Amino acid sequence: MKKGSKIVLISILFFFFPFLGEYAIKASEVAPILTYQGANGLEIRSYVPSYSKEKLQWIYDEFTKNTMGEEVAYLSHINLYPDYSRGKHTVGMWHGEWINEKLSPDRYIDLYGVGDDNPYYLLTLAHEYGHHFIYYYLNKKEDLQNDLLASNYAKIRGLNQYEELNQGEHRWAASEIAAEDYVQFFGSPTLAQNSTFQYSPQENTAIPLAWEVPGLYDYFVELSGLQGKADREAPAKPFLEFLEITPEELIFRWQETTDDSAEPLIYTTVGVTYPEKGSQLNFLMNTTKDNQEFRSSINRNQLSYYNVEEVLVKLVVMDQSGNAVSSEIMVDLNNPEESFTYIFPGQRIGGENRYQTSVAISQTAYPNGSSYAILVTGEDFPDALSATPLAKKYNAPILLTPPEALDPNIAEEINRLGVTNILIIGGTGVVSQGIEHTLTAHGISTRRIEGATRYETSLAIAEELGDFQKIFVCTGENFPDALSAAAVAANEGIPILLTPAHDLQEGLAEFINKQELTQTYVVGGTGVISDQVFDQLPQAKRLSGGDRYETNLAILEEFRSKLTGDTAYLATGMNYPDALSGSVLAAERKSPILLIGSGESAKAKAYLRAAELIDLKVQVIGGDSVVSNSLLKGLFD
Numbered sequence: 001m002k003k004g005s006k007i008v009l010i011s012i013l014f015f016f017f018p019f020l021g022e023y024a025i026k027a028s029e030v031a032p033i034l035t036y037q038g039a040n041g042l043e044i045r046s047y048v049p050s051y052s053k054e055k056l057q058w059i060y061d062e063f064t065k066n067t068m069g070e071e072v073a074y075l076s077h078i079n080l081y082p083d084y085s086r087g088k089h090t091v092g093m094w095h096g097e098w099i100n101e102k103l104s105p106d107r108y109i110d111l112y113g114v115g116d117d118n119p120y121y122l123l124t125l126a127h128e129y130g131h132h133f134i135y136y137y138l139n140k141k142e143d144l145q146n147d148l149l150a151s152n153y154a155k156i157r158g159l160n161q162y163e164e165l166n167q168g169e170h171r172w173a174a175s176e177i178a179a180e181d182y183v184q185f186f187g188s189p190t191l192a193q194n195s196t197f198q199y200s201p202q203e204n205t206a207i208p209l210a211w212e213v214p215g216l217y218d219y220f221v222e223l224s225g226l227q228g229k230a231d232r233e234a235p236a237k238p239f240l241e242f243l244e245i246t247p248e249e250l251i252f253r254w255q256e257t258t259d260d261s262a263e264p265l266i267y268t269t270v271g272v273t274y275p276e277k278g279s280q281l282n283f284l285m286n287t288t289k290d291n292q293e294f295r296s297s298i299n300r301n302q303l304s305y306y307n308v309e310e311v312l313v314k315l316v317v318m319d320q321s322g323n324a325v326s327s328e329i330m331v332d333l334n335n336p337e338e339s340f341t342y343i344f345p346g347q348r349i350g351g352e353n354r355y356q357t358s359v360a361i362s363q364t365a366y367p368n369g370s371s372y373a374i375l376v377t378g379e380d381f382p383d384a385l386s387a388t389p390l391a392k393k394y395n396a397p398i399l400l401t402p403p404e405a406l407d408p409n410i411a412e413e414i415n416r417l418g419v420t421n422i423l424i425i426g427g428t429g430v431v432s433q434g435i436e437h438t439l440t441a442h443g444i445s446t447r448r449i450e451g452a453t454r455y456e457t458s459l460a461i462a463e464e465l466g467d468f469q470k471i472f473v474c475t476g477e478n479f480p481d482a483l484s485a486a487a488v489a490a491n492e493g494i495p496i497l498l499t500p501a502h503d504l505q506e507g508l509a510e511f512i513n514k515q516e517l518t519q520t521y522v523v524g525g526t527g528v529i530s531d532q533v534f535d536q537l538p539q540a541k542r543l544s545g546g547d548r549y550e551t552n553l554a555i556l557e558e559f560r561s562k563l564t565g566d567t568a569y570l571a572t573g574m575n576y577p578d579a580l581s582g583s584v585l586a587a588e589r590k591s592p593i594l595l596i597g598s599g600e601s602a603k604a605k606a607y608l609r610a611a612e613l614i615d616l617k618v619q620v621i622g623g624d625s626v627v628s629n630s631l632l633k634g635l636f637d
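The sequence shown: position 139 = 139 (the numbering used here), numbered continuously.
Bear in mind the hints are in silico, worked out from the structure with no lab data behind them. Here the structure is a predicted model, which means the values were calculated and not measured. What you were told as hints is all true, and nothing was included just to trick you.
Pairs of lysine to any residue, SDA-like flavour, derived with a Cα cap of 20 Å:
(1) 541 / 525
(2) 141 / 226
(3) 392 / 420
(4) 392 / 590
(5) 289 / 239
(6) 470 / 540
(7) 102 / 147
(8) 562 / 469
(9) 88 / 120
(10) 88 / 280
(11) 392 / 367
(12) 289 / 236
Construct the complete structure from the given sequences, taking the supplied hints into account.
And the structure:
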């Protein structure tokens with residue numbers, strides 16, 4: 001182990017507003033004018049002539065509203081300086097030191113430009129404490145010093161995907177991003193009243209806000225053992241529209257969003273531009289409200305004055321605890337019309353999560369109820385995807401459930417449908433015995449279809465189907481290929497049998513040999529089902545493409561004559577639940593389900609055009625966060 005010490009200074013640069021007034025006192029070894037020591041032993045040392053001891057106590061009390069744990073014992077004091085001894089744009093600095101690769105105690109924070117004319121130093125202080133927090137726990141839990149990019153934090157935050165990271169721009173410094181994440185998750189709730197924090201929870205507008213990164217909050221909790229603020233949920237993400245262009249303004253619109261709290265939300269819109277590398281201009285935008293609709297505008301002359309070619313319009317929605325999410329639109333100022341928001345005119349069928357989406361699909365497909373329902377796990381794909389043909393046989397919706405207990409929305413839908421019989425797919429490890437007991441206690445007859453493995457479960461489902469002359473054979477190792485086959489399988493009553501890539505299992509071979517098959521559709525290329533397996537299958541035909549989306553199109557092309565419905569369904573190919581639930585609806589209406597990814601697909605676009613499926617004839621399964629309007633714009637514009 002390398003011996004010795006390492007000292008790191010982490011500073012925050014301030015780009016927003018200049019402060020008025022300075023004192024001539026410089027950061028030095030001169031004794032502070034006043035010192036206040038808090039209950040945890042931390043000292044507030046003031047060099048500001050106008051500050052009283054009561055003011056220092058107030059600062060300490062506000063500071064300790066930030067979430068703190070054992071790491072605070074490693075911070076000895078905070079210096080308050082009225083001047084900018086490190087330059088006008090440096091408003092705070094955390095002093096880190098590692099000895100023998102362990103963070104040294106007696107760390108401290110310097111704040112510059114502190115005074116009654118500076119309303120931002122509490123935000124700066126929380127940010128600097130974020131450095132202290134993240135480095136303490138990365139050192140303790142992951143044995144790291146200042147190499148953030150080697151941390152699990154960097155992996156979850158996705159930092160290594162950005163080429164701009166740590167290339168000299170302050171907003172792209174990994175340490176600054178981490179400190180801002182601390183403030184967003186664990187910062188004092190009173191920071192929500194700070195206007196700068198409201199429109200700019202983080203300096204970097206090119207990356208998601210902390211609450212928008214899946215798993216990041218849980219990582220902070222696991223890393224520190226702390227829970228953060230009492231309110232641990234962000235508001236629902238808003239949908240921002242580019243509405244209108246006038247000679248004077250660009251006008252945007254959004255609807256009031258929802259939150260877990262009844263307290264009013266804070267809406268702030270800002271136009272962000274970068275006139276030159278390293279510089280950032282923020283234009284606060286006027287906002288008006290009429291009933292549930294908000295509008296905001298930005299002045300075009302103001303933008304042209306700075307000779308910028310594009311502006312990022314960002315809407316930040318913050319609750320009273322400071323938890324925030326955002327929505328944004330980049331506008332090309334040379335061709336602003338090209339940035340108009342595309343509003344999908346067709347129908348969306350979805351909910352806030354996979355369970356609510358399966359309910360919405362069930363309500364659409366079975367408005368008058370159904371005596372049967374198919375219950376499958378919403379947490380894993382193999383059993384669920386094999387079940388889709390059963391829905392056609394029993395004229396039943398597929399409803400998703402968590403493994404241990406029924407989702408309340410699913411329970412309510414079962415009641416609405418008037419279900420008397422439920423087929424449970426899979427063993428008690430995927431749909432618990434407790435769920436079965438809950439159903440039977442309500443007078444519902446249940447029957448479980450299962451096997452010892454995913455492969456045996458797919459065989460058990462095929463046995464339940466009864467007579468058939470065709471089969472789909474798909475890999476049991478991943479979901480996309482079986483997902484592509486699900487809607488057609490449900491429509492045609494064709495079982496989906498799962499197999500390993502290189503081994504036709506004995507049970508599957510015996511089952512196939514007992515059938516009088518006229519066609520075996522092998523879904524996917526040789527990487528997922530080898531030629532060795534293919535050659536053992538009767539009347540085999542491979543349906544595949546370069547990726548999951550092309551494989552999906554290959555299946556739709558093969559069954560084009562069977563898909564006689566006058567609509568089509570679009571679902572994400574990035575996960576299975578939405579398309580799985582939607583396959584029943586598509587089968588009932590003899591319509592295709594087209595899987596789409598996160599980028600524009602020329603082949604998907606060509607398929608829709610060839611089928612004369614304009615956006616008004618298409619229904620999307622899932623909300624904008626799953627299948628975005630910008631993606632739909634690429635398909636239909």
